[in-house]
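Asks: If you want the building blocks of each chain, they are given just below.
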Amino acid sequence: MTTPSITIQTLAPDNVQFVMSGVDLALANSVRRIMQAEIPTVAIDLVEIERNSSVIPDEFLAHRLGLVPLHSEDIDRRLQYTRDCDCEQYCDKCAIVLDLHARCTDDSTMNVTSDMLVSSNASGEFGTPLPGILLAKLRREQEIRLRCIAKKGVAKEHAKFAPVSAVGFEYDPHNSLKHTEYWYEEDAAAEWPLSRNAGWEEPQEYDYNREPEKFYFDIETVGQIPCNEVMRQSITYLQQKLAVVVQELAER
Amino acid sequence: MNAPERYELILVPEGVSKLTVTPDAKLPNCVTIKFEKEDHTLGNLLRAQLLKDSRVLFAAYRVEHPLDHSFILRIQTIDGIEPKDAVSEACRTILIQLDQLKQRFDSEWELKKISGEGMMY
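Protein sequence lines correspond, in order, to chains A and B. FYI, the working numbering numbers position 247 of the first sequence as 248, with every residue one higher than the one before it. FYI, the working numbering numbers position 3 of the second sequence as 82, with every residue one higher than the one before it.
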């Protein structure tokens, strides 16, 4: 069993590109799947609308509010799933309450943005929205008054909980393993551009028994969780799944 | 009207167990395990790892229906090892690998952060 290894290529506040080697395709793919679908974040799940005289219908506004990313770093220690909490409905331990009161008082168009969401029970940065996201525009006398209940969830439940916008995943940029066949008109090599990762590997002679070994990841996060945390947590949650399997098997 | 609840992808309902082990009626050392509320993320991973074990004669998984949110894993081992134990061992091996992966990522990250002060960060 070769030891896994990681080499980071580039780093940015919301993006990390790295090469994972010493693992097999199934493991790399499972890590990618967890990253996209099973990392919990906080997102607005219920919206109680008191007043909405804007041109945006209630459900449209509620949908947009649900998609607003909320800071979710360290979520496992800070928030429980509402279904696991022993309160009725929701409480401080399983939900974050955000209020939005916006009223246009002058003649210019008022932009209602995500930074206007005010939390009543957030601690520090956790649960606060990423600023600058446009939710609605108001004309004179139009008003929005609502209360949002944000809960913990995973992207399997609803895509709004996804901490990543896209995960680039590639292996064998030169197709030395012949896992794919390129469609071509005259010359495949001339017609297909080289991948960005092609520089990191040499084309190899075809070997029937060779397995994919180097995987190029390009993780772009939304902003709720920093990108190194996304990677760490995907490994952690995969480990939790396996631990559950081991435990259940021991009981049977 | 027919939309399933969101949590049906994740929550195992009351009275249903996460894993159900059924011995195969005809072959020795052969077992079918049904995993509830799990998908290819676990299935493919376990299958691939089991196939690496030389004591495993047969290992395959199948998602019976995409709307059912479960999969079955069929394992046959040689005499001397229980299929269940082969799965447990496979899980432990993967857990160790993942630990190593996490450590490597952490150290690489720290390195890059310290040395890459001039980078986009």
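Among the hints, a few may not be true.
Examples of chain A residues lying across from chain B (beta carbon under 8 Å, computed) [unchecked claim]:
| # | residue |
| --- | --- |
| 1 | T8 |
| 2 | V24 |
| 3 | T110 |
| 4 | M111 |
| 5 | T114 |
| 6 | M117 |
| 7 | V119 |
| 8 | S121 |
| 9 | E158 |
| 10 | T181 |
| 11 | K215 |
| 12 | M232 |
| 13 | K242 |
| 14 | L250 |
In the DMTMM-like style, the derived pairs of lysine to aspartate or glutamate whose C-alpha atoms are separated by at most 25 Å in a straight line are [as the list claims (entries may be wrong)]:
| # | chain 1 | residue 1 | chain 2 | residue 2 |
| --- | --- | --- | --- | --- |
| 15 | A | K94 | A | E126 |
| 16 | B | K131 | A | E89 |
| 17 | B | K131 | A | E230 |
| 18 | B | K181 | A | D208 |
| 19 | B | K131 | A | E212 |
| 20 | A | K157 | B | E168 |
| 21 | B | K116 | A | D100 |
| 22 | A | K242 | B | D158 |
| 23 | B | K116 | B | D158 |
If you're looking for bench data, these hints aren't it; they were derived computationally from the structure. Glycine included, C-beta positions come from ideal geometry on N, C-alpha and C.
Asks: Hint by hint, say whether it matches the structure.
Replies: The hints, checked one at a time:
Taken as an interface hint, A:T8 checks out: its beta carbon lies about 7 Å from the nearest beta carbon of chain B, inside 8 Å. A cut of 8 Å between beta carbons decides the hint on A:V24: the least distance to chain B is about 7 Å, and the hint holds. Because the beta carbon of A:T110 sits about 35 Å from the nearest beta carbon in chain B, more than 8 Å, this interface hint is broken. Taken as an interface hint, A:M111 does not check out: its beta carbon lies about 34 Å from the nearest beta carbon of chain B, beyond 8 Å.
About 26 Å separates the beta-carbon of A:T114 from the nearest beta-carbon of chain B, more than 8 Å, and the hint is not met. Interface hint at A:M117: violated, since its Cβ lies 28 Å from the closest Cβ of chain B, which is beyond the 8 Å cut-off. Annotation: interface hint on A:V119 violated; nearest CB of chain B at approximately 27 Å, more than 8 Å. Below 8 Å, beta-carbon pairs count as interface contacts, and A:S121 has none with chain B, the closest being about 26 Å; its hint is therefore violated.
Evaluation of the A:E158 hint against chain B yields a held restraint, the C-beta minimum of about 4 Å falling below 8 Å. Below 8 Å, beta-carbon pairs count as interface contacts, and A:T181 has none with chain B, the closest being about 19 Å; its hint is therefore violated. Given hint, A:K215 at the interface with chain B, is violated; its Cβ is 14 Å from that chain's nearest Cβ, farther than 8 Å. A hinted interface residue such as A:M232 counts as satisfied when its beta carbon comes closer than 8 Å to some beta carbon of chain B; here the least separation is about 6 Å, so the hint holds.
With its C-beta approaching chain B no nearer than about 6 Å, A:K242 sits inside the 8 Å limit, and its interface hint holds. With its C-beta approaching chain B no nearer than about 5 Å, A:L250 sits inside the 8 Å limit, and its interface hint holds. Between A:K94 and A:E126, the direct Cα distance comes to roughly 16 Å. Compliance with the 25 Å bound is thereby established for this hinted pair. Between B:K131 and A:E89 the alpha-carbon distance is near 48 Å, which puts this suggested pair outside the 25 Å criterion.
At most 25 Å may separate the alpha-carbon atoms for a hinted pair to count; B:K131 and A:E230 exceed this at roughly 30 Å. At most 25 Å may separate the alpha-carbon atoms for a hinted pair to count; B:K181 and A:D208 exceed this at roughly 31 Å. Between the alpha carbons of B:K131 and A:E212 the distance comes to roughly 12 Å, so the proposed pair stays at or under 25 Å and holds. Proposed proximity of A:K157 and B:E168 is contradicted: the alpha carbons are some 28 Å apart, above 25 Å.
A distance of roughly 35 Å separates the Cα atoms of B:K116 and A:D100; the hinted pair therefore is violated under the 25 Å criterion. Proximity of A:K242 to B:D158 is assessed by CA-CA distance (about 28 Å); at most 25 Å being required, the pair is judged violated. For the suggested pair B:K116 and B:D158, the alpha carbons sit about 31 Å apart, so the restraint of at most 25 Å is broken.
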